[in-house]
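Peer 1: This is what each chain is made of:
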Amino acid sequence: MRYLPHTDTERAEMLATIGVSDIADLFAAVPHAARLKAPLDLPAHSPEYMVEAHMRALAARNRAGADGPFFVGAGAYRHHVPATVDHLIQRSEWLTAYTPYQPEVSQGTLQMLFEFQTQVAHLTGMEVANASMYDGSTATAEAVLMAKRLTRRNRIVLSSGLHPHYRDVVRTYVGDGPDLVVIPHSQAGTLPLTIDDKTAAIVVQTPDFYGSLRNIEELADLAHDAGALLIVVVTEVVSLGLIEAPGALGADIVVCEGQSIGNALNFGGPYVGLMATRASFVRQMPGRLCGETVDADGNRGFVLTLSTREQHIRREKATSNICTNSGLCALAFSIHMGLLGEAGLRKLARLNHSRACALADALVAVPGVELVTNTFFNEMTIRLDRPAAPVVETLAGQGILAGVPVSRLDPDQPDVADLLVLAATELTTDGDIAALAHALTEALQ
Amino acid sequence: MSMNTHGRPTGIGSAGSPTSGAALLPDEPLLFEIGDTGHSGVDLPDVEIDETRLGGFARKSPLDLAGLTEPEALRHYVRLSRRNYSIDSGMYPLGSCTMKHNPRLNEKIARLPGFADIHPLQPVSTVQGALELMQQLAQWLLTLTNMTAVALTPKAGAHGEMCGMMTIRAAHEANGQGHRKIVLVPDSAHGTNPATAAFLGYSVKSIPARPDGTVDVEAVKAAPSPDVAAIMLTNPNTCGLFERQIVEIAAAVHEAGAYFYCDGANFNAIMSVVRPGDLGIDAMHINLHKTFSTPHGGGGPGAGPVVLSAALAPFAPVPFVRKGEGGLELIEHAEGEHLGRITAFAGQMGMYVRALTYMLSHGGDGLAQAAKDAVLNANYVRARLRDVFSLPFGDQPCMHEALFDDHFLDGTGVSTLDFAKALIDEGYHPMTMYFPLVVHGAMLVEPTESEPRQTLDAFCDTMLALAADAKAGNAARFTAAPMRAPVRRMDETRAARTPKLKWEREEDVKQAAE
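Respectively, the protein sequence lines represent chains A and B.
So the first sequence is numbered by our numbering: it starts at 1 and just counts up by one.
So the second sequence is numbered by our numbering: it starts at 1001 and just counts up by one.
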């Protein structure tokens, strides 16, 4: 087996050094009755080319984004990732290092995390950011728990338009009950009536699940007047190159799905959650934090810090059970953001919006299509004159991935069967849009 | 110029410091000190836009994001990378972390467009290969564990713990046993175990270890059974020992109406030797980034699928894959008692791909050999060091990691921390130190199966030479260590007392101070 260095002779010599005659002697503590007596029913080891053939056959049964027109978004976005990013993250020193517990031999990772935290703070307009979370959905759930700790209140209000998966994850984390108020899309206007002196936080997504841009300032005032916090969720971080930073509008905690920058679609993971907040809240923030300090010679260096919040020190009193972050995805994010810079991100964001405008213009010209979202960044919702799911299936059969039917994520919500969410990015061509419009026109005849 | 015990220079600095950034140990300024907001390493068309569809929400606040051109970016991140230790550059005997070889085939496969460039919400009919892959991975995990079901979606080990303990909570509630509020956790447990239990509203009751480092079944039986929801036990445990009474413990836990959660962080030692399902375990997470070698990436991403017994299987989260009439289905909404959704989408596909590639490469025979070699290597280190280093639980075989305490350093003025830092000067990543907490000044060495004997010998020679040096009264080289790393020992107290968590312009800092 190509990954195992020992020969049988070496194994025997090592057993002799240990002072046992058989490897089974080292497993003496394993209850005899439970030990496997025969090999498991699994295939034997395999040469590299055969493994590759097996995996390629599986990959070939998936329709890749580049195979044709592609308009799927709803929380994960198909962007171009510069070749430099993927080259760099595969360097051994990044790929095969552990969490930087030993700072003297981990300054690469630590400095990168410090830069990442700075980028996230600037992007969101907040004072501090952590070294990343698993993804946007779990970051949202952690933000909700953080708000409960900070306010010592229990009620959470999820505004309409929060990604249904995010809503469901929050529900799993905090439990269903009177303290979790979920505003349905059809009753978006009722949110102010649900805010009271028991409310810990309002959670709002912008651009929301349907693509609409939300008035953050108004909700921040509403939350703050009640002594509650405003948690802003951003699932498309590229939008922050064009849309006002939540931190400039009164957000208390900002969480994002960072996948769009530096990370491939990967069928949903691994991704990278971003979390940023006010400096005064940092000790209630979950996750790893990297801080600047000096070494014994007075030279600048970086360490993981404020770990007295964390499970390996505080055990059952920790702010979260979280142990890892999403280090390599955070690195990819940071490199891509470093390549973009402010000038590049602004251009990328304008380009995305411009492609989305072209898409919207083409869609409204299709008979049987109504544009539901008046404001948007790079994603929009349309209402068809019939259920969306079968139409999406029909177009998929023609090689066009036309977006996400709302009913797939939210089957229980009334009146969403005809709604379809579509995204455009810098990779969306005029040809893609024309092909979609043509196919949709035919499908709706 | 000072020398180490091997007669090698410990300093090279003409600038007065041994680590001042010369030659192959480059100092590197921050991204924000090299780049600026005008530079960019990406060519994009500069389009004008009409802002009417932005609803008045266009960004007015500054972004202040520094940019680099492509050559500058490459150099910045390559230079930074050289300040990291990695598995590929040397032995990484970090106990409890399973720093084994990361095959590059896995990276290649994960980047196939059919895996990397597919969207979690595109029609299920267009991702049948992805669902098939999830099925195959699940089948491997179930065969290796002899459990009933597996929840693939947890994003990391701690997330898997949360998921597994949530299924236990849900099962108790469904059985009218929701009043059970105590979780038993041995003192030697990973910090995530009590954190997870507390996170789910349980109170944690510690169980002390026996003098031999394992859990006493009598201590489990003595716990107030009607209120106990579960035990969380790591096996092999964090002392590197197999819990030899595990079957009796499982029986006692079940007798009391509680469930047995096993922290499977150390599954690498026993895969294909013994199956958790044959030990009475109800739920166990498996760290794909340890046992199945998905790279640690400087702290993630990981993946922590949870295998479940028949009693807990109905409570597994959505989504999961099921065979349907027209092919595989991704069940995203289910009737019944499942605990809901613990993450968006379908989990860590990129990690599933790497783990399955690793499994296929090894095969069942290779995985069994890997477990045996991991145990062999740890015992070899233990045997080579046992005359000098102190074994807290006597001279008994260990599993995949060897645990030492700091008694051998008594009177030397050298601490476990100092010893670990001296290893850096000798070219090794330190072992895990001060964990588990049940052992004084713990040093936990996990060589993994990836290390050849000559590397183990060199490492053991170094460990013995350092121990001899400490005993010979050369404490100064330990307390001053590391001397040959890119930086010297860091002032962690200062970092925590006055947290500086992002870069700020000097003029802004000055202005704020005035």
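No lab work stands behind these hints: they were computed from the structure.
Some clues are possibly wrong.
Label-pair restraints from in silico Cβ distances [said to hold, decoys possible]:
no., chain 1, residue 1, chain 2, residue 2, range
1, B, GLU1248, A, PRO414, 51 to 61 Å
2, A, ASP67, B, GLU1514, 58 to 68 Å
3, A, THR190, B, GLN1177, 34 to 44 Å
4, B, ASP1227, A, GLY189, 38 to 48 Å
5, B, GLU1248, A, ASP67, 25 to 35 Å
6, A, SER21, B, PRO1029, 50 to 60 Å
7, B, ALA1222, A, LYS317, 34 to 44 Å
8, A, ILE313, B, PRO1224, 23 to 33 Å
9, B, GLU1335, A, GLY189, 29 to 39 Å
All figures in this text were calculated on a predicted structure; none of them were measured in a lab.
Just so it is clear, CB atoms sit at the ideal spot from N, CA and C, and this is done for glycine as well.
Peer 1: With reference to the structure, classify each hint as holding or not holding.
Peer 2: Hint by hint, here is what the structure shows:
{"no.": "1", "hint": "B/GLU1248 x A/PRO414: 51 to 61 Å", "in the structure": "54 Å, holds"}
{"no.": "2", "hint": "A/ASP67 x B/GLU1514: 58 to 68 Å", "in the structure": "59 Å, holds"}
{"no.": "3", "hint": "A/THR190 x B/GLN1177: 34 to 44 Å", "in the structure": "37 Å, holds"}
{"no.": "4", "hint": "B/ASP1227 x A/GLY189: 38 to 48 Å", "in the structure": "46 Å, holds"}
{"no.": "5", "hint": "B/GLU1248 x A/ASP67: 25 to 35 Å", "in the structure": "56 Å, violated"}
{"no.": "6", "hint": "A/SER21 x B/PRO1029: 50 to 60 Å", "in the structure": "58 Å, holds"}
{"no.": "7", "hint": "B/ALA1222 x A/LYS317: 34 to 44 Å", "in the structure": "25 Å, violated"}
{"no.": "8", "hint": "A/ILE313 x B/PRO1224: 23 to 33 Å", "in the structure": "28 Å, holds"}
{"no.": "9", "hint": "B/GLU1335 x A/GLY189: 29 to 39 Å", "in the structure": "32 Å, holds"}
Checked against the numbered hints listed earlier, the structure breaks hints 5, 7; every other hint is satisfied.
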